[in-house]
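*Asks:* Given the coordinates of chain A, work out where chains B, C and D should sit on it, guided by the hints.
If you want the building blocks of each chain, they are given just below.
Number of protein chains: 4
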Amino acid sequence: MSNSVFSSFETVKFEGADSSNPLAYRFYDAERVVMGKPLKDHLRFAVAYWHSLAMSGSDPFGGPTINRPWMAAGDPIAQAKVKADAAFDLFRVLDLPFYCFHDADMAPAADTLAETLKNFHTMADYLGEKMQSSKTKLLWGTANLFSAPRFMAGASTNPDPEVFAWCAATIKHCMDVTKQLGGSNYVLWGGREGYETLLNTNMKHELDQMGRMLSLVVEYKHKIGFDGQILIEPKPKEPTSHQYDFDAATVYGFLKAYGLENEVRVNLEANHATLAGHSFEHEIATASAFGILGSLDINRGDALLGWDTDQFPNDLWTMTMSMYHVIKAGGLGKGGCNFDAKVRRQSFTAEDMIHAHVGGADLCARAFLTAAKLIEDGKYDAILAERYAGWQQPGAQAMFSGKQSLEDIAAWAEKEGINPQPRSGKQEQIENLLMRSIYTDKI
Amino acid sequence: MSNSVFSSFETVKFEGADSSNPLAYRFYDAERVVMGKPLKDHLRFAVAYWHSLAMSGSDPFGGPTINRPWMAAGDPIAQAKVKADAAFDLFRVLDLPFYCFHDADMAPAADTLAETLKNFHTMADYLGEKMQSSKTKLLWGTANLFSAPRFMAGASTNPDPEVFAWCAATIKHCMDVTKQLGGSNYVLWGGREGYETLLNTNMKHELDQMGRMLSLVVEYKHKIGFDGQILIEPKPKEPTSHQYDFDAATVYGFLKAYGLENEVRVNLEANHATLAGHSFEHEIATASAFGILGSLDINRGDALLGWDTDQFPNDLWTMTMSMYHVIKAGGLGKGGCNFDAKVRRQSFTAEDMIHAHVGGADLCARAFLTAAKLIEDGKYDAILAERYAGWQQPGAQAMFSGKQSLEDIAAWAEKEGINPQPRSGKQEQIENLLMRSIYTDKI
Amino acid sequence: MSNSVFSSFETVKFEGADSSNPLAYRFYDAERVVMGKPLKDHLRFAVAYWHSLAMSGSDPFGGPTINRPWMAAGDPIAQAKVKADAAFDLFRVLDLPFYCFHDADMAPAADTLAETLKNFHTMADYLGEKMQSSKTKLLWGTANLFSAPRFMAGASTNPDPEVFAWCAATIKHCMDVTKQLGGSNYVLWGGREGYETLLNTNMKHELDQMGRMLSLVVEYKHKIGFDGQILIEPKPKEPTSHQYDFDAATVYGFLKAYGLENEVRVNLEANHATLAGHSFEHEIATASAFGILGSLDINRGDALLGWDTDQFPNDLWTMTMSMYHVIKAGGLGKGGCNFDAKVRRQSFTAEDMIHAHVGGADLCARAFLTAAKLIEDGKYDAILAERYAGWQQPGAQAMFSGKQSLEDIAAWAEKEGINPQPRSGKQEQIENLLMRSIYTDKI
Amino acid sequence: MSNSVFSSFETVKFEGADSSNPLAYRFYDAERVVMGKPLKDHLRFAVAYWHSLAMSGSDPFGGPTINRPWMAAGDPIAQAKVKADAAFDLFRVLDLPFYCFHDADMAPAADTLAETLKNFHTMADYLGEKMQSSKTKLLWGTANLFSAPRFMAGASTNPDPEVFAWCAATIKHCMDVTKQLGGSNYVLWGGREGYETLLNTNMKHELDQMGRMLSLVVEYKHKIGFDGQILIEPKPKEPTSHQYDFDAATVYGFLKAYGLENEVRVNLEANHATLAGHSFEHEIATASAFGILGSLDINRGDALLGWDTDQFPNDLWTMTMSMYHVIKAGGLGKGGCNFDAKVRRQSFTAEDMIHAHVGGADLCARAFLTAAKLIEDGKYDAILAERYAGWQQPGAQAMFSGKQSLEDIAAWAEKEGINPQPRSGKQEQIENLLMRSIYTDKI
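Protein chains in written order, with the numbering used here: chain A, 2 to 444; chain B, 2 to 444; chain C, 2 to 444; chain D, 2 to 444.
Keep in mind that the hints are not guaranteed to be accurate.
No copy labels: a pair is met if it fits in one copy or bridges any two.
[What the hints assert, rightly or not] Here are the simulated lysine-lysine pairs, DSS-like style, with alpha carbons at most 27 Å apart: (1) 404 to 180; (2) 374 to 443; (3) 416 to 136; (4) 14 to 131; (5) 443 to 380; (6) 180 to 416; (7) 224 to 416; (8) 380 to 205; (9) 416 to 119; (10) 205 to 374; (11) 224 to 180; (12) 14 to 443; (13) 14 to 180; (14) 14 to 136.
Hints listed in this document are in silico derivations from the structure and should not be mistaken for laboratory results.
This one's a predicted model, so the numbers in the text were calculated from it and none came from an experiment.
This is chain A alone, in the form it adopts within the complex (with noise of 0.2 Å):
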């Protein structure tokens, strides 16, 4: 084993809720058969090589705080070396099934564009083997086009078509990787698809554009053979001032105006859905609802602050209600649980780094169990299903599946005098039961 800021650190392991030792997961018992299945296989913990190996600590007003060794000076490559042992150092300690990387993040970039694609499969090789010996495989890959002073004006969507050009062949090397490694999907984040101000922008033609490179990437994924899902990460703006992938439901109108909404799924982070003024159980609903839900970035917002803070998730509600309609929809499939989440500025020790995933992925756990247990036993579905259950009877199945005209429904309501009553929303009774099931650690 490499000699990593994390080697110091026993593998975390499954203690129970009454265990006291802080490093021990009290919930995310990986091998629990829930709902038929194994919790790590509902879940599919990944660990994101940008948050967790590649962030500084630094903000907008201020440097980096986190000072790695593979951060300091040094042959490009020997240190992407170093920072690979410490992931997979990283990987051992967390005990969790996935990870998932920016070619950005794992290998340097050089000065051209063969440079840096060769330092790419450098790189991919050398985790390549890495994962020989290990048990952490990878969730999903993705090309950053975002950081580099070439993407300032939008990748696919840039006014300068050289620079659309360039991402093509970035993504394209990153599908291949992405293949090479294994990967179960291949994401696309479009930071900057969007606009500054929409006063030097031709909205229309960007789209076009960024339909046109997905197209592109779909059409590549099958000639390739690559089985995995293609997924866009809504975000409504940060760092742009809009970002055309600004929801769950604005990305499913984007598929479907260019045909793809059979090809392409959504990797829904909960921040983002802050940002954009939703929860994230409503993205998660949303995306369920029109038959996108691919995958998710979990971490937490602060809905006082107008920006990505990428926190390591402690809401117990809104991540049990979020669990709640991933089952519903069928749970995760190839997707995941990547922690889209980075340590806090101040909290710049390898050992914060490890309390946090240990938090995070203890909350989720508890959260999906309870989930679980909420649809297991039925009550809270079952008030559900009576609200809706008009809507079973006969006459409304007829209107509901088109047999009737507006001018029949009309004439039946006008001949039968309808006069509908109203029924309590039952809303505090719901959130009561809630609850007690939610803020109960008897799971």
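*Replies:* What follows is chains B, C and D alone, placed relative to chain A:
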């Protein structure tokens, strides 16, 4: 002429930019020909029956401050006629070419569906008579499916199918009356089509209900030969916690999901854009990009407040850029500019009502004239065209049109060793150019 | 016992965490002794007359859904008595120790000031009688100086001095009645004390008017020997665009400006904190730091909505940390926890009202018990103490207490060549610790 | 003249409203006498060293796009001099009377406190020399106590007293240099004076630390005979979750708490107002009402975004009303208008930098001229005066000045049977009047 609260006011006239008369139009010269037709035919201003005749000045913490004669106790139909007389007197004073109504604004609700519909037709006939001797036409009609308690859990999305039937009957009659009165559009605003809490909501079922109702409406439109537009008015929330017609992009996705994108367009409101986290011009540009721009609700919100303030507009920059995007989209067609704006609670006098409309119409007219001049001048458009000029090159067009695969483009990029260079986005230069154009009254 | 809408409900009893009775308290064991006194004396729960008896379920887009017998037409005083009977029946059912009122909640307004005051005293006497046979006491009284049209431009801050005088008269009588009924506090909420638009406002004059009124109130309190607290309730906006009592810090500055910081404290509301961009616990900690914590209005807002939703609380984390800061501040003293929360518009049944209060009281009780346990356990406080331990050193104390000048400190720092080293802020570790403490029902 | 990135630009000249030269001032006629003195002496424009010389265009998701010669590797002092030469060249081009700096902008940090201070004095002397041959003076100096990792948990509010001492030493030298260079003000911006999470924070202790530091600063100011103003710059959050200097009203309360309200004023920034939920004019009016208006940071935010975008201003309405309140407050005195604005990330050319300042200065100048004209015209002020005229009556003055008790006023109101009548707030009429005044370039 009737003796209404507005009868003492003269018809407002155009007097030019140098007029010091606060009750004259300084920019709204209805007959001024711009881009080939009179200003009035571009803008198609409408007075809103609800805000201008039916609002009482109450807010969540206070009661009515605006007491009009028709709000006093009395025979409902008689009072509705007093209100209608005042309405047409207001139209005369403002000399604007259109008005809009909800069924509930112009006819009193009764205890039963049958009586309510009867009142509605009685008043529709009365309005028809009034229109004989008025220059003011109907821009659009709509049904109020949110105020009555029966709609508390939604209109077409209600868990109770009888409410759906009630809505169907109401909409049918409202479409009939809109056609009868020569309306150019029929609008649906889904004020309660969403959820108060996701906890008691079956989102997929409700979306399907809403899709069904819209399909019925479109089918009926064709059946009766109504040649106006069917419009949905997006709003993200309020009074609901979430409204399904969140914004233009969301509505587009919804229309695509139910195959209605060629049948239905959007009626965009400035304040609703603000609540969704967008600028008004963004919403217009989005609807334009997706080919669903229908009509405008003119007002403004307050970005520092979280509710629909529906104020009369006074932001010249936003309105000018909004009109710029309207012109670029080919104009409003059968749509128009409806003043969905209400006087403040403290502005309870009839005079306040006139001032408010004069200021609003003048701002929009000035904005339109400036936008037209900006386009005719061409400097601004030239900057935009130059920014995307690279996409006119043959190689770029080949990529854009789908003649090349991801691999083709990647191979070319690698072979060429492309290295796209940064170009200034020129935001400040463009803003300076626009400040010169917008903040001058020499138009 | 009267035959009210609440008379069919049994008094809610404490049954413990394992009870499955939805109308039992699971954590609110009123007599349980914690930190030296019964839980009920720490929390001092109060039922709000306005939200629980006077709300009709209307919202800005819809009419009443909650129709109680006393809202029907009838003799105003007779109906006010029916309402009062129902109120005391509700207090009996909930078995909470206090209630709160506005003058306008419990007595009908009349056409003149004299009649309005007469009605108020009539009903005050009636409430006094009811209290003879009830366990429920008055936590606080207040005057509604925002609903009537005369307050549309402010109460004490009105441009019209006659409105100021009207308020003075009303407050005088309301203070008299609060004293008569044994109230522990007198509260002022300045719902219209601010501006709708700064454009027509003389802010300095209005602040001076508000300062004058508060000075009159304090003077009168001493004159009549009222030994309760005078409380201001901060809120940033709504119904106004800006309310002068924006938040706890702003109120503190206002009190200092008019020399009233030792005479007046704050009544903090959770939802008002949200609207001001703060957490509830932040507001409590701020008031505590400035020595002006008075009482709490218990509810919750929705951070995704921009208005005062006044929902019953269900966020255990926030409530626990709020109670932690209350205990750290020395408790609520004469203040208490008033349920300034209303059932949702769709929750119109009497049963909903009971469920809502039971859930809310239980959440607060659980939060208090957890906070007390957290403090008694000591681990959390120890982490905090350790973080600031450096300030206990003599050199640091000398700086802190003002014994050294800027030059002294600079000279020392330069001479020593200090180089302060980073220490982890341990946010994730602390959050994990708190998750264990808060999300367990073993208390 | 040095050969800098700005040396090819001519000095920007005033050419009048009709000039079509984009690099001319159209409204900023520095010598034009308004209200008794030249425009330049009212506005006292300053260029910000940090935004204009030190910003690299990076954002949380992307690296530098602005590469100036002095940012390349090299001897730190030599490069700082290249930067200073460019700065003074920029000042020459813009022909604005002032500049502002942080210590860290103009001198390189070193490994130790001693060396850092030495660098600072070396560069201070160099700037002093540059100023000999420049018309540009120092508006204010300040210390950057937020960027370096040592400040990650606060500056004066740090849990580590050594950080407090470091700050004290830095501020002392920064005040010395500000005095040496003839600065008119010394500013404190507490970028990290607040908390990242309340969970690890002792708010009361931190407030006392901050109060102590400010007292030391005021004491030192008097000791060295610095006759400039001491200014605090309010901001609600970012990079912190909460900053103690939230807004003008909060800072006023803080100053009162520590007895410093006559010694310290505020430097108000437009974008910080937006983040606090206020308009810029609100913050100015508030500071004016409390007598603490000091200086302005000119920029704008984007109300739809939740972070400090620091854009150059282009909202004529807001700026005009802001200038109106500045004039009403008696002007800026020793303060001025500092362009705390940065070019967009895509506006990386030197030319963009000039355009941005020209547009910003012109907007402010136009706004000031319009505000002055509005005041000289008198119509707007007359509307305001009339609104509060009732308070000039003897009876009202008696209430206002404290000659009557609550009882006296109540007795009078009851005896008179007062019944105050509603008066229109005339918001729309006032907005129309202001639109005419603001949106004309005939000034």
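*Asks:* How do residue 180 and residue 416 come out at 27 Å by Cα distance, when the copy is not named: within, between, both, or neither?
*Replies:* Answer is between; shortest inter-copy Cα gap is 23 Å, intra-copy 63 Å.
*Asks:* Treating 27 Å as the Cα threshold, decide for residue 404 and residue 180: within, between, both or neither.
*Replies:* between (48 Å within a copy, 25 Å between copies)
*Asks:* Checking an output row: residue 14 and residue 136, CA cutoff 27 Å. Within, between, both or neither?
*Replies:* within (15 Å within a copy, 53 Å between copies)
*Asks:* For residue 224 and residue 416, with the copy left unspecified, which applies at a CA distance of at most 27 Å: within, between, both, or neither?
*Replies:* So residue 224 and residue 416 pass the 27 Å test across copies only (22 Å; inside, 60 Å).
*Asks:* My question is about residue 14 and residue 180: at a cut-off of 27 Å on alpha-carbon distance, are they close within one copy, between copies, both, or neither?
*Replies:* Neither way: residue 14 and residue 180 sit 31 Å apart in one copy and 61 Å across, limit 27 Å.
*Asks:* Up to 27 Å between alpha-carbons, please classify residue 380 paired with residue 205: within, between, both or neither.
*Replies:* Answer is between: at 20 Å across copies they meet the 27 Å cutoff, but 48 Å inside does not.
*Asks:* Treating 27 Å as the Cα threshold, decide for residue 416 and residue 119: within, between, both or neither.
*Replies:* between (76 Å within a copy, 14 Å between copies)
*Asks:* Classify it for me, residue 374 with residue 443: is the Cα-Cα distance of at most 27 Å met within a copy, between copies, both or neither?
*Replies:* So residue 374 and residue 443 pass the 27 Å test inside a copy (11 Å) and across (19 Å) alike.
*Asks:* One pair to classify: residue 14 and residue 443, alpha carbons no more than 27 Å apart. Within, between, both, or neither?
*Replies:* Classified as both; 20 Å inside a copy, 23 Å across copies.
*Asks:* Within, between, both or neither: how does the pair residue 14, residue 131 come out at a Cα-Cα threshold of 27 Å?
*Replies:* within (22 Å within a copy, 61 Å between copies)
*Asks:* At most 27 Å between C-alpha atoms: does residue 416 with residue 136 qualify within a copy, between copies, both, or neither?
*Replies:* neither (68 Å within a copy, 38 Å between copies)
*Asks:* Classify it for me, residue 224 with residue 180: is the Cα-Cα distance of at most 27 Å met within a copy, between copies, both or neither?
*Replies:* within (12 Å within a copy, 54 Å between copies)
In summary, the structure is inconsistent with hints 3, 13 from the numbered list given earlier, while agreeing with the others.
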